[in-house]
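Required output: the full structure, derived from the provided sequences and hints.
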Amino acid sequence: MIMRPSETYSFRANLLIIWSEVVKNVKFLLAYPVIFVFWTIFPFFWFIPFIFQGQAFVGGLQSASFEQFAGTPDYIPFIVIGAILNGYVLTSLYGVGESIRREAYRGTLDYLLSSPCNKAFILIGKAMSESINGTMYAAIQFVVGILFFGIELTIDTIMPIVLIIFLLILGLYGISLMLAAVSLQFKQAHDLAHTLEYVFYVFTPVRYPLQSLPFWAQVLGKFLPLTYALVAVRSIMLLKQDVLAIYQEIFLLLVVDIALIFLGFYLFNWMEKRTKSSGTISHY
Amino acid sequence: MKRKDEEFRESRKILCPYGFTLANLKAEMRAIWESNVKEWKIELTYPISFTRQCIEPLIFLLPFIIYGLVLVGGRYSESLMHLVGTGDIVTYIFTGYIIMGFIGTSVWAMGFSIRKEQWYGTLESIYVTPTSRISLVLGMALHSVVHQGIAVLFEFSVIYAIFGLALKIEGILPALVIFALMMFALCGFGIFVSSLALILKEGWIISEGLYSVLMILSPVAYPLTVLPNIAQQMSKVFPTAPALIGMRSFLIENYTPEVIGNVFLHLLALDLAWIIFGIVIFSVTDIYVRKRGTLGKY
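Top line first, the protein sequences correspond to chains D and P. Counting in the numbering used here, the first sequence runs from 2 upward without gaps. Counting in the numbering used here, the second sequence runs from 82 upward without gaps.
Since the hints were derived computationally from the structure, they do not count as laboratory data. It is possible that some hints are incorrect.
Here's a subset of chain P near chain D, in silico, CB distances under 8 Å, partners left out [as the list claims (entries may be wrong)]:
{"#": "1", "residue": "154"}
{"#": "2", "residue": "157"}
{"#": "3", "residue": "164"}
{"#": "4", "residue": "301"}
{"#": "5", "residue": "302"}
List of simulated lysine to any residue pairs, SDA-like, C-alpha gap at most 20 Å [claimed, not checked]:
{"#": "6", "chain 1": "P", "residue 1": "197", "chain 2": "D", "residue 2": "106"}
{"#": "7", "chain 1": "P", "residue 1": "372", "chain 2": "P", "residue 2": "277"}
{"#": "8", "chain 1": "D", "residue 1": "223", "chain 2": "P", "residue 2": "144"}
{"#": "9", "chain 1": "P", "residue 1": "107", "chain 2": "P", "residue 2": "125"}
{"#": "10", "chain 1": "P", "residue 1": "197", "chain 2": "D", "residue 2": "103"}
{"#": "11", "chain 1": "P", "residue 1": "317", "chain 2": "D", "residue 2": "53"}
{"#": "12", "chain 1": "P", "residue 1": "197", "chain 2": "D", "residue 2": "50"}
{"#": "13", "chain 1": "P", "residue 1": "317", "chain 2": "D", "residue 2": "50"}
In this text, all values refer to a predicted model and were calculated from it rather than measured experimentally. Built from N, CA and C at the ideal position, the CB exists for glycine as well.
This is the structure:
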């Protein structure tokens, strides 16, 4: 008979699970440094065409029409900020959402799921390590944005931006948990991650203001945490607004986060029990 | 007994066509076709994934159009009109973006064909057959071109229904000739990329990198003249820039090419250069990885 120590379910034990996942993923990243270089550099390649497109269509660096929707005529800082925050979506969808599937490929999923711990904390560990990576990429991109793309960052705006990014990451954890839950049952998480990426790509104000979309698309966009995070960060950085002026966006971001995390945990625990009882966990 | 052994060995000889003969050409064509059929069978086994991939080009096109409409505040851009003689941003972006899927054919479908066989566990089996490795790559390319064709038709239908497109019908045939010339050069480029995947293994980063660079150097959503001079010069090495300029000249009313020159001759020269370069590099890499014994390594 195996005695399970009571601390297994204690707070300390759960912290150890998270820490071990973070260490494991850092080791993976250090083993493949080219992946770090990729995620740091390539997001620039993805938004540079939009800068050239803007120059060709308006013949300059400002657009009066753009100002009517976005509140600022400078479209370059607008899309640079959009691209940097969208990086968190990509790392969470492909990093965390598909992590369960990757464990299955490596042959370690069965061991993880049969270990005497709350599996959601394994995912939190994976999500945390992806967030650390994402923040490193974002920090480098912010520096490049400040040096080359006209982004202005003052000391007093750093803390509110960090808070908003933290709230964004929380919301993305919820979505990642849901994605991981679905991949436990339906296996092919890649298609689902791509589909979610499309939803973020079109219905959130990454490249253009939300107001430029049809009403139904704006409503859909308001269910996504990235929408509020982008509006809030741009209000602070581009429109030079005070945090108090954007309390509504921050509050709504928090509400969306709570809903997504609750749904994520519920769905993951439910799917885990379902796949365990059906014996389909290690199926491909 | 010795004689019997020799007879036995004789009967096991397999005669395969080889060299520059009609029989060998027919055999390689058959291999290309079978490789294409195999890809279709695998793809259609996952209908949801297939549908998603057909919708994907439209999803990635929409932000370019919406962003353009927001920037200009309507469909017609004075600045674009000044640069290329037409201000219709929707038609301009659409005619540019349709080739992006075909760039994907060369850097992803062809570039990853060898790697995919490795994932399936069939690479070694294919390597010991007397078929040319390039036929395998071309089979994947054939599948991808048809796949991208379906995606472009869907893209066209949706954009035409929502925005309408001002295209010259009589320009479709010459535009298709230019497109075919571009595809030959992209095939050569794809063969080159697949040779990189033989060595680098985690070649998805190379494929993604090349795709992103080609996206910037091609006049998909902007004329070449807005690029820095060095980027304009670099774009001449790839077939997408002259092909897009040529296709738009035939398809869009009043379009003024931003670069002067004979597009057909430019593309023919690129076809020749990329195909020879791709095949030479692929052959050298193929010999190198087999000598080193790294073919089956992950």
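We went through each hint and held it up to the structure:
1. 154: 3 Å, holds
2. 157: 10 Å, violated
3. 164: Holds: closest Cβ of chain D sits about 6 Å from residue 164 (chain P), inside 8 Å.
4. 301: Holds, because the Cβ-Cβ distance from residue 301 (chain P) to chain D comes to roughly 7 Å (cut-off 8 Å).
5. 302: 4 Å, holds
6. P:197 to D:106: Holds: residue 197 (chain P) and residue 106 (chain D) sit about 15 Å apart, inside 20 Å.
7. P:372 to P:277: 16 Å, holds
8. D:223 to P:144: Distance ~18 Å between residue 223 (chain D) and residue 144 (chain P) Cα, so the pair holds.
9. P:107 to P:125: Between residue 107 (chain P) and residue 125 (chain P) the Cα gap is close to 27 Å, so the pair fails against 20 Å, i.e. violated.
10. P:197 to D:103: 17 Å, holds
11. P:317 to D:53: Satisfied, since the Cα-Cα distance of roughly 18 Å is no more than 20 Å.
12. P:197 to D:50: 30 Å, violated
13. P:317 to D:50: 18 Å, holds
Going down the numbered hints, you'll see the structure goes against 2, 9, 12, while the others check out.
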